[in-house]
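Colleague: One-letter residues, chain by chain:
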Amino acid sequence: METLDIALPRMALLYGLCLLPWFLLWLIGLRLSRDIGISILRMSIQLTLVGIYLKMLFDLNHPWLNGLWILVMLLVADLSILRRAGLKARYFALATFTAIASSILFSTAYLVILVIQPTHFYDARYIVPLAGMILGNCLQGNVIALERFYSALRKNENEYATFLMLGATRWEAVLPYFREAVKAAINPTIAGMATMGLVSLPGMMTGQILGGSEPWLAVKYQIAIMICIFTSTTIACIINLKLSLNIAFNEFDVLRDEVIDKP
Amino acid sequence: MLCGKSGSGKSSILRTLLGLHPIKSGAVYFQEQPLTPSSVQTVRSCTAYIGQEPMLGAESVREALLLPFQFKTHRDHKPTEAQLIEVLQRLHLSADILRQESSRISGGEKQRIALARGLLLGKKLYLLDEVTSALDAESKQAVFDVFSDPQLTVLSVAHDPEWLERCGIVFELEAGRLTQVKRNGNT
Numbered sequence: 066m067e068t069l070d071i072a073l074p075r076m077a078l079l080y081g082l083c084l085l086p087w088f089l090l091w092l093i094g095l096r097l098s099r100d101i102g103i104s105i106l107r108m109s110i111q112l113t114l115v116g117i118y119l120k121m122l123f124d125l126n127h128p129w130l131n132g133l134w135i136l137v138m139l140l141v142a143d144l145s146i147l148r149r150a151g152l153k154a155r156y157f158a159l160a161t162f163t164a165i166a167s168s169i170l171f172s173t174a175y176l177v178i179l180v181i182q183p184t185h186f187y188d189a190r191y192i193v194p195l196a197g198m199i200l201g202n203c204l205q206g207n208v209i210a211l212e213r214f215y216s217a218l219r220k221n222e223n224e225y226a227t228f229l230m231l232g233a234t235r236w237e238a239v240l241p242y243f244r245e246a247v248k249a250a251i252n253p254t255i256a257g258m259a260t261m262g263l264v265s266l267p268g269m270m271t272g273q274i275l276g277g278s279e280p281w282l283a284v285k286y287q288i289a290i291m292i293c294i295f296t297s298t299t300i301a302c303i304i305n306l307k308l309s310l311n312i313a314f315n316e317f318d319v320l321r322d323e324v325i326d327k328p
Numbered sequence: 025m026l027c028g029k030s031g032s033g034k035s036s037i038l039r040t041l042l043g044l045h046p047i048k049s050g051a052v053y054f055q056e057q058p059l060t061p062s063s064v065q066t067v068r069s070c071t072a073y074i075g076q077e078p079m080l081g082a083e084s085v086r087e088a089l090l091l092p093f094q095f096k097t098h099r100d101h102k103p104t105e106a107q108l109i110e111v112l113q114r115l116h117l118s119a120d121i122l123r124q125e126s127s128r129i130s131g132g133e134k135q136r137i138a139l140a141r142g143l144l145l146g147k148k149l150y151l152l153d154e155v156t157s158a159l160d161a162e163s164k165q166a167v168f169d170v171f172s173d174p175q176l177t178v179l180s181v182a183h184d185p186e187w188l189e190r191c192g193i194v195f196e197l198e199a200g201r202l203t204q205v206k207r208n209g210n211t
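Order-wise, the sequence lines are chains A and B. Using the working numbering, the letters of the first sequence map in sequence onto residues 66 to 328. Using the working numbering, the letters of the second sequence map in sequence onto residues 25 to 211.
Everything labelled a hint here was simulated from the structure, so no lab data went into it. Don't take each hint at face value.
Using C-beta positions, here's what the derived DEER-type ranges look like [claimed, not checked]: (1) L240/A with G192/B: 19 to 25 Å; (2) I181/A with P61/B: 46 to 52 Å; (3) S63/B with P183/A: 27 to 33 Å; (4) E110/B with A174/A: 55 to 61 Å.
This one's a predicted model, so the numbers in the text were calculated from it and none came from an experiment. From the three backbone atoms N, C-alpha and C, an ideal C-beta is built for every residue, glycine too.
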């Protein structure tokens with residue numbers, strides 16, 4: 066079963082749908098035309114470029130080229146996590162890269178090599194979209210983990226110092242904030258798994274069904290990707306926070322001001 | 025005792041002694057040893073620091089008192105129920121307070137719970153930062169009596185004249201500098 070193509074005139078018709086929310090927003094006095102226009106334009110250009118690149122990637126299907134693409138995704142994710150978490154990249158870039166790269170490579174390799182078992186493990190059709198989906202979710206989790214952890218430490222500076230004064234090691238003193246940060250990071254994934262299929266049909270499954278896959282196959286892939294997202298987010302957050310502890314504190318266990326990006 | 029106007033650096037000195045405040049010049053010595061990243065743990069393990077608005081760090085008063093005994097350093101020295109009650113009574117607190125939530129007790133009670141926690145740890149050196157500021161006369165007297173023990177060394181920040189009378193040495197600070205040292209009331 067082939068997916069029906071959307072011809073260019075009908076794509077234009079699709080863009081026309083945006084006029085309805087734009088008109089409603091204008092009616093209630095929200096002047097967002099510029100933001101909406103820029104967002105739709107950026108989405109269209111970015112996805113067109115990705116489409117061209119992915120087409121080339123799939124046609125060539127070269128292991129090094131696929132690896133390079135994943136490396137670029139990891140580097141962009143690394144910098145994006147630190148910028149959004151309010152931490153300085155020059156201090157944490159290596160720690161965050163190590164955390165996300167190890168967790169993404171582990172869970173993607175586990176899924177592709179052990180579970181899906183394609184003829185070539187580096188097959189771009191599997192490795193690129195799967196690594197991308199896992200990384201996208203892992204990115205959100207790591208932003209939440211780092212942001213929560215360092216905000217909590219700054220907000221509860223006196224409490225943290227009290228723990229140290231009561232004989233806690235650095236690790237013992239940060240543990241309450243560490244646990245809370247990891248919990249906040251993985252909660253959306255846990256909640257997402259609990260309501261999946263009831264509240265909404267997940268994007269990957271919908272995409273596969275539209276692409277002509279049997280619903281059963283789409284379900285299996287969706288379960289696989291959710292388990293990998295959960296695993297890699299948990300591993301990456303824990304490794305990332307743990308590695309960051311060696312960077313963010315001075316030798317007297319006091320949080321270094323200079324590592325935080327002041328807004 | 026450290027005294028001086030607000031902002032003269034009294035609290036900063038206490039925090040510096042514990043390695044919580046970075047020093048730009050000079051050095052801190054504890055028992056004739058310089059304060060270094062490797063010695064700071066020893067200094068902290070011999071010292072109890074109690075601030076003006078102490079953080080109890082736990083939901084109930086009992087949990088707050090037992091908090092340090094969750095840490096590896098003190099895990100083997102968990103106090104008995106009798107020891108908890110005894111230390112509370114020394115500070116004029118009733119045993120019923122153990123069941124209360126930390127967020128529901130008064131500022132004065134919080135200060136005395138933090139002091140009780142320090143005493144339970146059996147520390148020899150106490151760094152006290154205006155710990156009687158929220159106490160009534162009777163409770164203040166109880167605190168004075170407990171810390172008048174010659175076995176204990178107390179370095180405190182206080183404005184209280186009664187506390188001043190009981191101190192062996194008074195260091196006066198102004199704008200971060202030591203301006204006067206008084207011994208037993210004599211300059």
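Colleague: Taking the hints in turn, state whether each one holds.
Modeller: A quick look at each hint next to the structure:
no.	hint	verdict
1	L240/A with G192/B: 19 to 25 Å	39 Å, violated
2	I181/A with P61/B: 46 to 52 Å	49 Å, holds
3	S63/B with P183/A: 27 to 33 Å	58 Å, violated
4	E110/B with A174/A: 55 to 61 Å	60 Å, holds
Taken one by one, the earlier hints fail for this structure at numbers 1 and 3, listed in ascending order.
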